[in-house]
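Top line first, the protein sequences correspond to chains S and C. Residue 183, in UniProt numbering, is where the first sequence stops; the numbers in between run on with no holes. Residue 986, in UniProt numbering, is where the second sequence stops; the numbers in between run on with no holes.
Take the hints with a grain of salt, since some may be wrong.
To be verified - What the simulated footprint calls covered on chain C by chain S, stretch by stretch (three residues with Cβ under 8 Å from a Cβ of chain S suffice, anywhere in the stretch; the number is not a length):
1. 630-640
2. 662-674
3. 699-710
4. 719-733
To be verified - A short list of chain C residues far from chain S (calculated; beta carbon distances all over 10 Å):
5. 322
6. 419
7. 533
8. 745
Just so you know, the hints here were simulated from the structure itself, not pulled from any lab data. Built from N, CA and C at the ideal position, the CB exists for glycine as well.
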Amino acid sequence: MGSALPPPPPPQWVVALNSPLPRPTKAASSIPDPPGFSSSRGKQRQQQQQPIAKKPEDNDALKLKKAWEIAIAPSKSIPMNAIMMYMSGNSLQIFSIMMVFMLFKGPIQGLFNTNAVFAKYETPTTHARLLGVKAVYVVMQLGLLALGIWKVNAMGLLPTTRSDWLAWETERLPLERASFAFS
Amino acid sequence: MNLLVDGMSHIERPITARAAQKLRQTPPQLHPAQLVSNMWLQSALLVAACISPAAAIFSDEVNHIDFHHALLGAPSPDSTFFLRPSAASNASLLYTISDRSILGAVNPRDGAVIWRQNLTRFGAGAGSAGFMRGSDGSNAVVSAAGQSVSSWSAQDGKLIWNKQLPGLAADLEILELEDPASKSAAKDALVLSGGEGAAVLRLLDGDSGATKWEYKDDSGDLPFQVSSSPTEVFYISLQSALLKGYKIKVTALDPVTGRQTRQTVLSSENEITGPESVLHVGSNIASPLIVWSDKAQKALKVNIIGTKPVMTLNIESTSQSTRELQKTDPAALEIKKISVHAPQKLTSLPHFLVHYKTAKGSWAEVYHVDLKTSTAKKAYELEFAAGQAVFATSNVHANVYFTRISELNTGVWSSASSEAVSVSRADGWAYDEPIHAVAEVIPKGKSVAVRAAVLREHGVWELIRNGESAWVRHEELIDAVAADWVDHGDQQHLAHELEVESHESLLGAYIHRVKRHLCDLEGFPEWVKELPRRVVGSVLSDEVTNLDSFGVSKTVVVATKSGRLYALNTGKQGAVEWHVQASETAPWDVKGIVIRPGKAIIYASDGSSVTVNTTSGTVTGRFDGQNRKFQTFTVLESNDVLGIQEDGSPASTFDVPGFLVTTSSDGRILGWTAQDNKTPAWEFVPPAGEKVIQAIGRPVHDPVASIGKVLGDRSVLYKYLNPNLALVTAVDEKKHTASFYLLDGVSGKVLYSTTQAGVDSAQPITSAISENWFAYSFFGDAVTESSAKGYQLVVSELYESPVVNDRGPLDAAGNYSSLHSNSGQLLPVPHVISQAFIINEPISHMAVTQTRQGITTRQLICTLPSTQSIVAIPRPVLDPRRPVDRDPTSAEAEEGLFRYSPFLEFDGKWFLTHARDVAGIQTVLSEPTLLESTSLIFAFGGDIFGTRATPSQAFDILGKNFSKLQLVLTVVALAFGVGFLAPHGP
Numbered sequence: 001m002g003s004a005l006p007p008p009p010p011p012q013w014v015v016a017l018n019s020p021l022p023r024p025t026k027a028a029s030s031i032p033d034p035p036g037f038s039s040s041r042g043k044q045r046q047q048q049q050q051p052i053a054k055k056p057e058d059n060d061a062l063k064l065k066k067a068w069e070i071a072i073a074p075s076k077s078i079p080m081n082a083i084m085m086y087m088s089g090n091s092l093q094i095f096s097i098m099m100v101f102m103l104f105k106g107p108i109q110g111l112f113n114t115n116a117v118f119a120k121y122e123t124p125t126t127h128a129r130l131l132g133v134k135a136v137y138v139v140m141q142l143g144l145l146a147l148g149i150w151k152v153n154a155m156g157l158l159p160t161t162r163s164d165w166l167a168w169e170t171e172r173l174p175l176e177r178a179s180f181a182f183s
Numbered sequence: 001m002n003l004l005v006d007g008m009s010h011i012e013r014p015i016t017a018r019a020a021q022k023l024r025q026t027p028p029q030l031h032p033a034q035l036v037s038n039m040w041l042q043s044a045l046l047v048a049a050c051i052s053p054a055a056a057i058f059s060d061e062v063n064h065i066d067f068h069h070a071l072l073g074a075p076s077p078d079s080t081f082f083l084r085p086s087a088a089s090n091a092s093l094l095y096t097i098s099d100r101s102i103l104g105a106v107n108p109r110d111g112a113v114i115w116r117q118n119l120t121r122f123g124a125g126a127g128s129a130g131f132m133r134g135s136d137g138s139n140a141v142v143s144a145a146g147q148s149v150s151s152w153s154a155q156d157g158k159l160i161w162n163k164q165l166p167g168l169a170a171d172l173e174i175l176e177l178e179d180p181a182s183k184s185a186a187k188d189a190l191v192l193s194g195g196e197g198a199a200v201l202r203l204l205d206g207d208s209g210a211t212k213w214e215y216k217d218d219s220g221d222l223p224f225q226v227s228s229s230p231t232e233v234f235y236i237s238l239q240s241a242l243l244k245g246y247k248i249k250v251t252a253l254d255p256v257t258g259r260q261t262r263q264t265v266l267s268s269e270n271e272i273t274g275p276e277s278v279l280h281v282g283s284n285i286a287s288p289l290i291v292w293s294d295k296a297q298k299a300l301k302v303n304i305i306g307t308k309p310v311m312t313l314n315i316e317s318t319s320q321s322t323r324e325l326q327k328t329d330p331a332a333l334e335i336k337k338i339s340v341h342a343p344q345k346l347t348s349l350p351h352f353l354v355h356y357k358t359a360k361g362s363w364a365e366v367y368h369v370d371l372k373t374s375t376a377k378k379a380y381e382l383e384f385a386a387g388q389a390v391f392a393t394s395n396v397h398a399n400v401y402f403t404r405i406s407e408l409n410t411g412v413w414s415s416a417s418s419e420a421v422s423v424s425r426a427d428g429w430a431y432d433e434p435i436h437a438v439a440e441v442i443p444k445g446k447s448v449a450v451r452a453a454v455l456r457e458h459g460v461w462e463l464i465r466n467g468e469s470a471w472v473r474h475e476e477l478i479d480a481v482a483a484d485w486v487d488h489g490d491q492q493h494l495a496h497e498l499e500v501e502s503h504e505s506l507l508g509a510y511i512h513r514v515k516r517h518l519c520d521l522e523g524f525p526e527w528v529k530e531l532p533r534r535v536v537g538s539v540l541s542d543e544v545t546n547l548d549s550f551g552v553s554k555t556v557v558v559a560t561k562s563g564r565l566y567a568l569n570t571g572k573q574g575a576v577e578w579h580v581q582a583s584e585t586a587p588w589d590v591k592g593i594v595i596r597p598g599k600a601i602i603y604a605s606d607g608s609s610v611t612v613n614t615t616s617g618t619v620t621g622r623f624d625g626q627n628r629k630f631q632t633f634t635v636l637e638s639n640d641v642l643g644i645q646e647d648g649s650p651a652s653t654f655d656v657p658g659f660l661v662t663t664s665s666d667g668r669i670l671g672w673t674a675q676d677n678k679t680p681a682w683e684f685v686p687p688a689g690e691k692v693i694q695a696i697g698r699p700v701h702d703p704v705a706s707i708g709k710v711l712g713d714r715s716v717l718y719k720y721l722n723p724n725l726a727l728v729t730a731v732d733e734k735k736h737t738a739s740f741y742l743l744d745g746v747s748g749k750v751l752y753s754t755t756q757a758g759v760d761s762a763q764p765i766t767s768a769i770s771e772n773w774f775a776y777s778f779f780g781d782a783v784t785e786s787s788a789k790g791y792q793l794v795v796s797e798l799y800e801s802p803v804v805n806d807r808g809p810l811d812a813a814g815n816y817s818s819l820h821s822n823s824g825q826l827l828p829v830p831h832v833i834s835q836a837f838i839i840n841e842p843i844s845h846m847a848v849t850q851t852r853q854g855i856t857t858r859q860l861i862c863t864l865p866s867t868q869s870i871v872a873i874p875r876p877v878l879d880p881r882r883p884v885d886r887d888p889t890s891a892e893a894e895e896g897l898f899r900y901s902p903f904l905e906f907d908g909k910w911f912l913t914h915a916r917d918v919a920g921i922q923t924v925l926s927e928p929t930l931l932e933s934t935s936l937i938f939a940f941g942g943d944i945f946g947t948r949a950t951p952s953q954a955f956d957i958l959g960k961n962f963s964k965l966q967l968v969l970t971v972v973a974l975a976f977g978v979g980f981l982a983p984h985g986p
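Please put together the full structure from these sequences, using the hints given.
So, in structure tokens, the structure goes:
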């Protein structure tokens with residue numbers, strides 16, 4: 001039948017439009033592009049199309065990587081905090097008290113916000129794997145908290161010595177009493 | 001001073017009382033260890049001064065928080081006089097010598113002692129009659145007491161010269177004679193001293209005290225008096241007559257050479273039985289008189305000294321009042337006592353007054369002596385006046401004035417006329433019978449101003465200025481033997497009500513409380529009425545808060561040897577609230593004062609007791625003694641009073657659980673149980689040769705705020721706290737040792753003992769114990785090469801264990817027993833840390849400040865007899881843990897320890913008495929107030945001194961720089977500002 005004719009080949013301009021630019025000749029490539037022309041336009045479009053095209057597994061790995069970064073972040077501030085605490089001395093002053101307060105405020109807030117921090121990386125697939133990340137995050141915050149406790153102890157605010165409990169100890173009483181009648 | 005003293009070693013050996021003898025601990029050695037530069041010492045002292053919590057007494061607190069009664073003793077009537085201290089001064093001072101041989105100058109304006117000198121240090125025994133004379137125009141007063149004659153600057157009491165005579169002084173007189181050869185103003189003194197067989201009259205130079213001449217009388221007559229007229233010196237002696245009585249022998253001497261010019265013997269043997277029969281011997285007057293009376297007191301015998309004739313003046317009153325009295329009540333005219341008052345001034349008129357005292361009143365006669373005829377004539381008579389009265393003589397130039405001080409009025413008469421120059425009504429006196437008076441009269445136009453110092457019975461010395469009492473001195477307080485704080489029982493009612501409430505049901509208690517509060521509203525109108533005054537007062541007054549309601553104003557009841565009781569209010573500068581003769585037996589040997597709400601019971605050694613209402617001073621009850629000798633009285637837990645007999649045994653068995661510890665007269669310490677008052681449960685006998693001189697127990701009120709001592713590294717050293725601790729001091733006079741034994745009062749076990757070598761037992765040895773420490777002081781001689789010589793103060797602290805954070809063998813046990821060793825709860829021995837300090841003067845008595853809860857640091861209150869002061873040494877200074885030979889570590893510095901220095905110099909800020917001379921203190925009492933910071937101090941025995949001690953500063957009282965007015969004004973200004981700046985509506 002005459003109706004089953006193959007479609008006519010696309011015109012040259014269509015082919016040229018759809019195909020990437022031919023590699024310019026050596027001589028042509030030395031010619032600078034005119035102002036305002038971007039040769040990468042076509043490439044960009046291709047790259048944008050790539051993630052959409054990626055598999056979900058790759059996406060999760062990326063999320064986890066990001067989550068790990070967040071989990072590890074507090075540990076980076078530990079050395080700085082330690083030096084600051086060491087430098088600020090053990091006396092009870094407004095600055096050292098404020099610093100200690102901040103030191104406690106950060107980790108405690110962080111601990112309470114654990115889930116919120118990792119919420120954007122939470123997907124049904126990453127959920128199980130995020131648990132470990134969260135645990136590390138908590139440990140890091142606890143490390144900061146430990147630093148604070150060390151500082152508070154160094155400042156003498158923790159009842160760790162015998163003298164702190166002296167007020168609760170009672171005088172030993174004699175079973176017999178003597179009264180004195182000396183002249 | 002550049003010595004370092006090693007800390008004393010300690011022992012930890014349980015020893016029984018009997019075995020104490022065997023136990024000899026190495027005495028603390030004071031050895032020169034290292035030379036310390038002076039700079040070091042200074043810096044150490046500086047640190048000490050910084051750390052020391054005690055603050056000095058500020059000048060505006062003097063006489064506000066403290067008071068001082070500088071006492072002289074009962075003034076001697078013969079030696080009390082007004083005198084201008086120097087020729088240049090206008091005002092005169094009141095001079096006296098007391099029965100305690102204390103010389104004093106008192107300001108007649110306010111009764112303050114300007115200077116005083118104790119003659120006992122010159123060998124005058126207390127109680128011996130002393131003499132004091134002064135002369136207008138010379139700057140000195142002369143005293144004679146015992147064997148010593150001294151001249152003192154009248155202005156400031158500085159010694160000019162002192163001379164020791166072989167015999168006891170019998171009389172003293174100033175020779176008023178003008179000596180043209182002498183340029184100096186000082187006048188010579190005539191001293192009559194009795195001795196072995198011979199009486200010697202000496203004229204001592206006024207400037208140097210050198211003997212100018214002496215007249216010896218070895219006839220064996222009784223040396224009696226010295227007298228002088230413008231031309232002659234008279235020595236008057238009593239020559240015993242053949243049968244009985246005495247003849248008066250008058251020997252006239254030349255004042256320049258001291259040679260005898262003539263001698264007269266007056267036949268007075270029928271009338272005179274002894275020195276007391278002579279009524280008067282005049283001196284320093286143109287015509288000195290000897291006056292005595294016959295035995296029936298019907299006639300006066302008067303002789304002008306140096307003449308032979310004896311005038312007889314019949315005693316018969318011719319006045320209207322006596323004649324009337326003769327008819328109605330003749331008994332009222334029976335003469336009890338005659339006294340003669342004559343001026344003692346060369347220039348004065350030769351007039352004298354005779355004062356007749358009867359049981360109901362007195363009258364007086366004034367006589368004039370005619371120098372030409374040598375006769376005395378009655379000039380006028382003062383009407384009989386009921387009640388007790390005394391006369392005093394004063395001179396204004398040649399005029400003589402007689403001042404009569406009676407219950408009703410003070411009258412002044414000139415010797416020339418019977419018209420009274422001035423009469424001022426008295427407001428009636430509240431004090432005792434007058435004995436003697438001296439007066440000073442100053443003419444003011446036609447009238448005169450008069451002030452008279454009246455000596456009354458019981459050592460009351462009062463100045464009456466124009467009929468009004470200006471001041472009163474209670475000189476008998478110098479004999480104080482016992483004192484205690486009074487509980488007025490004001491809180492008694494409230495305490496009872498609260499007691500009732502605590503026993504009722506909840507609703508019942510609530511209703512009761514509402515009712516009580518409604519009842520309290522009764523006082524509301526008065527409270528409102530008082531409010532403005534209180535508000536104004538609190539803003540304007542010196543003290544920011546009136547502390548009287550905080551127990552700062554307390555009453556002390558003081559018992560004296562003479563049987564009197566005084567109540568002194570510490571809140572009113574020690575003012576005498578009341579005084580009462582509580583006992584007639586003298587000396588009153590008070591052995592205990594028991595305080596009950598609203599009353600005080602005073603026990604004497606014979607077992608008698610007197611109960612006194614502490615608010616009014618009335619004696620409410622007496623209990624006669626049982627003829628037993630008691631050494632002390634104690635209040636048992638059941639509130640019963642138990643007497644302890646001389647041998648140390650309780651007078652009866654007592655029904656109270658516990659043990660009683662006593663001392664026996666033979667120097668043993670005895671422990672008694674309730675059931676048996678015959679044989680002691682235990683006894684402590686010091687080793688042979690040793691004598692117990694002092695035994696003290698921990699005070700009954702001795703609260704401990706913390707049971708441990710927190711060290712710099714925040715570990716704890718646990719204090720060894722045992723309320724049954726007693727500290728016994730025993731001395732061995734032969735071996736020159738002093739031993740201190742720390743006993744457990746229940747078992748008698750010696751917990752610690754130490755022996756000091758080279759101790760001078762004649763010097764004061766005293767001790768104090770409180771909380772977990774004790775201190776003692778003594779004079780130690782250098783016995784070995786390395787020991788120190790000087791007064792030493794040793795402090796020992798007791799701890800449960802030498803290891804920190806360790807409570808010793810009992811560990812966490814809540815109880816322990818001294819007797820039963822079941823479950824291993826037997827009383828352990830303490831760990832003792834001691835340290836010795838060299839001090840620069842002896843300590844005669846020690847006490848410890850007491851506060852309500854014991855949170856405040858304690859001070860060791862030491863009485864220093866040589867500087868007549870009381871010093872309160874802060875405990876941190878006396879810490880035996882102060883590092884020796886090195887600087888404190890940072891932990892030690894944090895604890896407040898600073899480098900030990902062997903010489904403890906009393907910081908000027910520690911002196912509670914600051915600039916005052918507080919003499920003769922025997923005992924210091926301390927009493928807590930409702931303010932934790934403040935402890936009341938009361939010292940007695942000689943002077944009376946009271947103050948408030950704030951060992952950790954007055955942390956619970958608003959300071960003086962706190963201005964309530966400023967605060968109120970600030971609030972008002974702020975309110976006004978806010979009102980002014982507030983947005984105002986349309």
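Do the hints match the structure? See the list:
{"no.": "1", "hint": "630-640", "result": "holds (count 6)"}
{"no.": "2", "hint": "662-674", "result": "holds (count 3)"}
{"no.": "3", "hint": "699-710", "result": "holds (count 6)"}
{"no.": "4", "hint": "719-733", "result": "holds (count 5)"}
{"no.": "5", "hint": "322", "result": "57 Å, holds"}
{"no.": "6", "hint": "419", "result": "63 Å, holds"}
{"no.": "7", "hint": "533", "result": "44 Å, holds"}
{"no.": "8", "hint": "745", "result": "3 Å, violated"}
Consistency with the previously given hints fails for number 8 only.
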